[in-house]
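Novice: Sequence:
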Amino acid sequence: MKNECKIVRDVLPLYLEDMVSEETADFVKEHLVKCTECSAELDAMKADEKIDNAGIETNEQRKHDAKALITIKKRLRKRKWVAVAITAACLLAAVILLHLFPIYRIAQVGGTSYYSGSEIAKLAYIGSDSDRAEAQSILRQADAAFHDHKHTGAENEELYGVLSRYATDSDCYDDVAFVNHSLELWSAHLDDNEGYLWVYYSYEAIDYDGDTVSGSRKIPSLWKVEKDTAGVWNVVKIKEHP
101 MKNECKIVRD VLPLYLEDMV SEETADFVKE HLVKCTECSA ELDAMKADEK
151 IDNAGIETNE QRKHDAKALI TIKKRLRKRK WVAVAITAAC LLAAVILLHL
201 FPIYRIAQVG GTSYYSGSEI AKLAYIGSDS DRAEAQSILR QADAAFHDHK
251 HTGAENEELY GVLSRYATDS DCYDDVAFVN HSLELWSAHL DDNEGYLWVY
301 YSYEAIDYDG DTVSGSRKIP SLWKVEKDTA GVWNVVKIKE HP
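Add 100 to a position in the sequence shown, counting from 1, and you land on the number used in my numbering.
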């Protein structure tokens, strides 16, 4: 009987996996009916197999959960970058719009209480690239007038015309050492022979003691310009809020 038990126990693993012949299976079944020890051994093997299978299932479940978590994280990360990209695009669009249409400057010139609606409209759009490029010759004339402090009022008027208001007359200020100024083009709208510029300037005339003897700060100004017979743009009228 003990030899028979030994044989049965040797084949029990194969029997459990249904990997024995039909004759061997019948032999094992008959033995298990009459041998409680071998039957108990088979039950123990089945219990161990359930534990192993449970462990495999648990590991597989963990792998599945981990993959699902990774997928979720990737989706969240993708959504985050999409949101960042959309936000950046919106901010860039807002910056471009504010650059091209700086309507916030309307408040800087005092609104429509002094300037007309058409004049304010010229401020709300900076103008085309070609108009702004053509306006540079007018700004160079103004730069020259701002820097000039060596000529009299009459001489400045002859040199710069309407822009002479920005020159420092030597017959009024004879001790000016130099002039600091800034001049920014806000907008340019030019037709064939006339147009308008909005500019923004500051300047100060400094004497030899380092003191400011004349100046203005952060002044918005509307210039009407015309082209002369030689094709040169000139400022013919200046409008500034009192």
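Simulated from the structure, these hints should not be mistaken for laboratory data.
Note that beta-carbon positions come from the ideal geometry of N, C-alpha and C, so glycine has one too.
Honestly, I wouldn't trust all of these hints.
[What the hints assert, rightly or not] The following label-pair restraints were derived from C-beta to C-beta distances:
| no. | residue 1 | residue 2 | range |
| --- | --- | --- | --- |
| 1 | Asp229 | Ala188 | 24 to 32 Å |
| 2 | Ala224 | Lys174 | 25 to 33 Å |
| 3 | Leu191 | Glu257 | 42 to 50 Å |
| 4 | Asp274 | Ala330 | 44 to 52 Å |
| 5 | Asp274 | Arg317 | 18 to 26 Å |
| 6 | Ala188 | Tyr273 | 32 to 40 Å |
| 7 | Asp229 | Lys324 | 46 to 54 Å |
| 8 | Asp271 | Gly310 | 21 to 29 Å |
| 9 | Leu191 | Ala330 | 24 to 32 Å |
| 10 | Ser302 | Glu257 | 20 to 28 Å |
| 11 | Ile107 | Lys167 | 26 to 34 Å |
| 12 | Lys318 | Ala277 | 33 to 41 Å |
[What the hints assert, rightly or not] Okay, derived cross-link-like pairs now, DSS-like style, lysine-lysine, Cα gap no bigger than 25 Å in a straight line:
| no. | residue 1 | residue 2 |
| --- | --- | --- |
| 13 | Lys146 | Lys222 |
| 14 | Lys106 | Lys222 |
| 15 | Lys129 | Lys146 |
| 16 | Lys327 | Lys337 |
| 17 | Lys150 | Lys129 |
| 18 | Lys178 | Lys167 |
| 19 | Lys146 | Lys134 |
| 20 | Lys180 | Lys150 |
| 21 | Lys222 | Lys134 |
| 22 | Lys318 | Lys339 |
| 23 | Lys178 | Lys106 |
| 24 | Lys250 | Lys337 |
| 25 | Lys167 | Lys146 |
| 26 | Lys337 | Lys222 |
| 27 | Lys129 | Lys106 |
| 28 | Lys339 | Lys327 |
| 29 | Lys129 | Lys222 |
| 30 | Lys339 | Lys324 |
| 31 | Lys324 | Lys337 |
| 32 | Lys178 | Lys134 |
| 33 | Lys167 | Lys106 |
Novice: For every hint, state whether the structure bears it out.
Specialist: Do the hints match the structure? See the list:
no., hint, in the structure
1, Asp229 x Ala188: 24 to 32 Å, "25 Å, holds"
2, Ala224 x Lys174: 25 to 33 Å, "46 Å, violated"
3, Leu191 x Glu257: 42 to 50 Å, "48 Å, holds"
4, Asp274 x Ala330: 44 to 52 Å, "34 Å, violated"
5, Asp274 x Arg317: 18 to 26 Å, "23 Å, holds"
6, Ala188 x Tyr273: 32 to 40 Å, "51 Å, violated"
7, Asp229 x Lys324: 46 to 54 Å, "21 Å, violated"
8, Asp271 x Gly310: 21 to 29 Å, "22 Å, holds"
9, Leu191 x Ala330: 24 to 32 Å, "46 Å, violated"
10, Ser302 x Glu257: 20 to 28 Å, "23 Å, holds"
11, Ile107 x Lys167: 26 to 34 Å, "46 Å, violated"
12, Lys318 x Ala277: 33 to 41 Å, "23 Å, violated"
13, Lys146 x Lys222, "91 Å, violated"
14, Lys106 x Lys222, "106 Å, violated"
15, Lys129 x Lys146, "15 Å, holds"
16, Lys327 x Lys337, "13 Å, holds"
17, Lys150 x Lys129, "21 Å, holds"
18, Lys178 x Lys167, "16 Å, holds"
19, Lys146 x Lys134, "19 Å, holds"
20, Lys180 x Lys150, "44 Å, violated"
21, Lys222 x Lys134, "109 Å, violated"
22, Lys318 x Lys339, "15 Å, holds"
23, Lys178 x Lys106, "63 Å, violated"
24, Lys250 x Lys337, "24 Å, holds"
25, Lys167 x Lys146, "31 Å, violated"
26, Lys337 x Lys222, "16 Å, holds"
27, Lys129 x Lys106, "14 Å, holds"
28, Lys339 x Lys327, "18 Å, holds"
29, Lys129 x Lys222, "103 Å, violated"
30, Lys339 x Lys324, "8 Å, holds"
31, Lys324 x Lys337, "5 Å, holds"
32, Lys178 x Lys134, "66 Å, violated"
33, Lys167 x Lys106, "46 Å, violated"
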